[in-house]
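A.B. asks: Line by line, the protein sequences give chains H and R. Taking UniProt numbering, the leading residue of the first sequence gets 1, the next gets one more, and so forth. Taking UniProt numbering, the leading residue of the second sequence gets 1, the next gets one more, and so forth.
No lab work stands behind these hints, which were simulated from the structure alone. Among the hints, erroneous ones may be present.
Given that identical chains are not distinguished, each listed pair holds provided it fits within a single copy or across any two copies.
To be verified - Here are the simulated SDA-like pairs of lysine to any residue, each with C-alpha atoms no more than 20 Å apart in a straight line:
id	residue 1	residue 2
1	K189	Y121
2	K603	S619
3	K204	S415
4	K342	V512
5	K262	S314
6	K518	R611
7	K171	R229
8	K514	R611
9	K518	E648
10	K23	D354
11	K204	P501
Protein chains: 2
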Amino acid sequence: MSLDYLFRPRTIAVVGASRNREKVGNVIFRNVASTFRGKVYPVNNKSETIEGVQSYKSLKDIQDDVDLAIISVPRESVPGVMEEAGEKGVRSAIVITSGFREVGEEGEKLEREVASIANKYGIRFLGPNTMGLLTPDYNGTFAFADVKRGEIALVVQSGGIGAYMLNWAQKSRTGVSFLVSLGNQTDVKEYEVIDYLAKDPETKAIFVYIEGVSDGEKFLNVVPEATSRKPVIFIKGGASAQSAEAVKTHTGSLAGSYEVFKAAIKTVGGIFVENLKDFLNLSKLVNSSEPIREEILVVTNSGGHGVLTSDAISRAGLSLVKIPERLNMELRKVLPPQSIPKNPLDLSGDAGRDRYLNSLKIVSDLDCTKLVIVESLPFISCTEVAKVLLNFKGKGIIGVTMGYDEDSASRILESASIPVFTFPEEAVNAISKLVKRPSPRRKVRVTQPIDSARELSKGKSFLADYEGLKLMELYGIRTPRWGIANTLEEAQRLADSIGYPVVMKISTDQPVHKTELKGVYMNVERDMVKEKFDLLSKISKRVMIQEQLTGLEAYVGGIRDPVFGHTVLIGVGGIYVEVLKSVSYGIAPVYEDEALEMLRESKLLDMIRARKRGYDEGSVIRTVSNISRLILDLNVKEMDINPLMVNEKGAFAVDVRVTF
Amino acid sequence: MSLDYLFRPRTIAVVGASRNREKVGNVIFRNVASTFRGKVYPVNNKSETIEGVQSYKSLKDIQDDVDLAIISVPRESVPGVMEEAGEKGVRSAIVITSGFREVGEEGEKLEREVASIANKYGIRFLGPNTMGLLTPDYNGTFAFADVKRGEIALVVQSGGIGAYMLNWAQKSRTGVSFLVSLGNQTDVKEYEVIDYLAKDPETKAIFVYIEGVSDGEKFLNVVPEATSRKPVIFIKGGASAQSAEAVKTHTGSLAGSYEVFKAAIKTVGGIFVENLKDFLNLSKLVNSSEPIREEILVVTNSGGHGVLTSDAISRAGLSLVKIPERLNMELRKVLPPQSIPKNPLDLSGDAGRDRYLNSLKIVSDLDCTKLVIVESLPFISCTEVAKVLLNFKGKGIIGVTMGYDEDSASRILESASIPVFTFPEEAVNAISKLVKRPSPRRKVRVTQPIDSARELSKGKSFLADYEGLKLMELYGIRTPRWGIANTLEEAQRLADSIGYPVVMKISTDQPVHKTELKGVYMNVERDMVKEKFDLLSKISKRVMIQEQLTGLEAYVGGIRDPVFGHTVLIGVGGIYVEVLKSVSYGIAPVYEDEALEMLRESKLLDMIRARKRGYDEGSVIRTVSNISRLILDLNVKEMDINPLMVNEKGAFAVDVRVTF
């Protein structure tokens, strides 16, 4: 059912409306009444007059249709109110009340009860444990921020963060279309809200503070469409183990793995930021209409600021645009005699209003972001330059005002919707986040296991090592030549046919660290086979003989994330996987272009390409992609190939462990 | 000669003082005249009345002794003025004028002329190309900031950054003791200024913006004493290649390697920050008297903020203090019934002034930093909490105010010298920088080359490979067993005595990449010696036979940095040195404890310790330390050991390249 009744109701009842101005139920009633143009009905079991309006004892006493009930009553009364709402035919609800899943088992039970009643009557509801909902039509929250109507939607899984964002919006004069405090997401989920807001024509960008995603699969399905319409920016609370614990008690949601979450955000085309500051800085860019480009021209009256800004640009992977020679000639005419025009364009400390104006005129048509930095000096104030910049609105202008009058300069630019920052690094980082945002990818998770692979894994909770190698072959992943020997004779025959030197190792049913068990011998020559066989057969009855390959050791793994499902990991292989932490994550299925990007991110690509040895990167890409399909097909719980040996002949799975 | 005449003059002349209020020479005169209590003499060749004061035609016309001449005349006139100053007996000067080394050769010549005149008369001078000097006694700059007298000294190698810092200080009401704009550092150098300020009792911390150090050796000698007295914070302009170029044209200084610079700052015990924002945030902490601890208690009225702050604390490597059970019992009494006291301490969204006050009373004596975050909610404002915090001054309090009235709340805390931030992450990062600052180390660079090592390197610009190995042995660094064979017979005898398998490779005089020349064979068994010898001797007449070792491949290198001199690099070895970029730098000599820290930083330590193979980390530490002495002793230009093979028996230099 559509969320329209929630987001665009025609009538609202506030249940638990209170006379006491210190109570949430009073604040919400006042907020709704002062903003909503439709009818608002206070409901209070004492039947009081609230803020001059006669209240109703029950929802059922209201004669009118009620589209939305905002419920702020003690938690024990919530199921009763929901039942009444159902009987009355209320279409949607916001349950402000807290004390449910987030406080433990008893609360969780109550929450399920509320959900089941709502479900019975087809009532969609936000919360419980929510700060409420603010829309262009009404303020159904208990925050009293006087926020400007605008184009940014805020979706938060923490009331505190929501209240802060409203405060911030008010203070920074940022226009907000919606604020959705998700609460416990018992019914209405974050992906539905994101979807709704993506289609809302008044919303230009969506900011999401999230602690745990309600349903990873749906999230992966729904959000790519949203991000293809407008920027969706995510910040996740609960990155560290400590805070993941705080998150659990806080809204009772499961904080999935931070790394997989980041990979998921990349997949759906979201912008990932690490902290509130970056979140707010990005809003300055998405809230303006300035075209933002990856190439940057820095204009400043301080050489030092130019230097620091170049540093930041280089760190962020952006680039300085080259000023065409023709324009340099023009610039020479407006700069002091000793100045050499270049980028950063240093107008010198004695630059006044005119030098800014004339220089910007010359470069204004360059197709790049113009980062104009001004610090107040005896010859100029930030305010003067801000006024100059108004002439170049729409030319990709971003202001950085650094000086005693930076606040008033900022206000001038803000009211013209020109983005303005107080530090160049902040501007640069925000630009980088915006222009380098990933393309949304839709993960089509079909499964079509190869018959023999299904056969191999049927009813098992793990594969024996040789089964793992067979599985690779079934999925088109190459392995070194190998065989299993139960006797010395077999071992010798096998080694002879493989060719020396060979690797000899124990062959086990369960996934184990063979090296740690001293169960692996490299460089085994013909005359050493017997000795090694004797040693190994003391540890395991089967001995594996394998062709010895040389090359680069990579690592490819797969996991089933509790939130986002099957995910592939790749990194530097061998025994230093954990040490180097040079790992890249990809949500399955991983398409070939994504696999290439994962190789790049994990630095494996540089390693494969090092020294021009002709190592076969195509095979690695294909392996990553095949593994991503394999783990989906067979619903693998955890697997790894370590090492995947890469050389000029291809990529070879040497050791494979799989659990289901 | 002491810098006292410059920093604490009794009389000042302003040469080039001007009537025109738009001119630098006027602004400076006004700034000096309005701040300095001693006599100020304007000097102007037109003998005008300047700001109501009769000017002198020449310094020599002044009857009084002149301690300091501030010179702001056209650049061609500077040598003449300096000569006059010398004849007059002026003790010190500030040369504001620009157009010297920073604009090219001609300017550089003029600069040398000025220096030689000053030197002749023993005049110490700041600049040229400086914005001037601000001290507790006078404002000798052409910035007109009205800065509060205080305890932070600013040293800048960019006038623009200097002007900005003054603006910032004015705006943020930060007290400043000195602002030193270094300019071209022709005479007075940054290390002298840092040394002077470190001994100044009015200065509590020193902030340095630097683009290039004038003399690395002196810097390394002088600055450790300064940092042992008070925090010295460095920011370097010119990190990227692009900006290093901007720096050269900007103040004409050589921007040394950024990584070596960072290592040098660590060595001298400085705090390194990457951008102005971090620079300014740190100033909030050093400017207050709150005791700042590594362990943190977070107190907030928003769960989400608590979560994000925990994330930041964990990322910064700081820790959340554990609240003792006894205090938790106390806290339960002042928190709402369902709240569970823990860290972050979430006072809940309905917390008012009293709940903040009562909770803080309970925890105030805990020996930790108390990060108190408040967002304005219907039940509380930032200002109210700011007032509460005043009661806990001196208890390690840091405020984070997030809300519509955050500015006024900040002002309340600032005037009580309690640090206040607008984002928790900023507070956390500043704490981390401060509490984790390195201990200063004095590098005692003695050289005492071993006779035979000196013999080996005498007159050479590089060593042959076998000489490199011999050099290792002279410096107590182990090598695999090895020898040189000129004939097949020698090769076979050698390989027999070393034991199989061996490594056979070309032996060259010049440093080359042997692998790239296909000049290395591993795993050579007895029956392969002839074949390989034949192949190798086609490339080089000498063939090296080496014991084949297994283990971890590390990399140890040495360079002679143009600024800071000999420096050791370590990292992951083998062919991926450049790819993994997991490198740590250390200024020579590297002491054993520093070597251990370098191992940690480069992740080599984790790799050595992985899988508990008993690899000999002591040998690696000793090798790093020995190499640092070797490069000093022999004045090595560049060298590397790649790989240094590390295993349970020790660390072995396998391949060594040395150039002088």
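A.B. asks: Against each hint, give a clear statement of whether it holds in the structure.
C.D. replies: So, going through the hints one by one against the coordinates:
1. K189 <-> Y121: within (18 Å within a copy, 80 Å between copies)
2. K603 <-> S619: Answer is within: at 16 Å inside a copy they meet the 20 Å cutoff, but 29 Å across does not.
3. K204 <-> S415: within (17 Å within a copy, 41 Å between copies)
4. K342 <-> V512: neither (61 Å within a copy, 39 Å between copies)
5. K262 <-> S314: between (23 Å within a copy, 18 Å between copies)
6. K518 <-> R611: Between. Shortest inter-copy distance 12 Å satisfies the 20 Å Cα cut-off; intra-copy 33 Å does not.
7. K171 <-> R229: Neither way: K171 and R229 sit 28 Å apart in one copy and 41 Å across, limit 20 Å.
8. K514 <-> R611: Result: close only across copies, 12 Å inter versus 31 Å intra.
9. K518 <-> E648: Close across copies (16 Å), not inside one copy (29 Å); limit 20 Å.
10. K23 <-> D354: between (56 Å within a copy, 17 Å between copies)
11. K204 <-> P501: This pair counts as neither: shortest intra-copy Cα distance 64 Å, inter-copy 68 Å.
Checked against the numbered hints given earlier, this structure breaks hints 4, 7 and 11; the rest are met.
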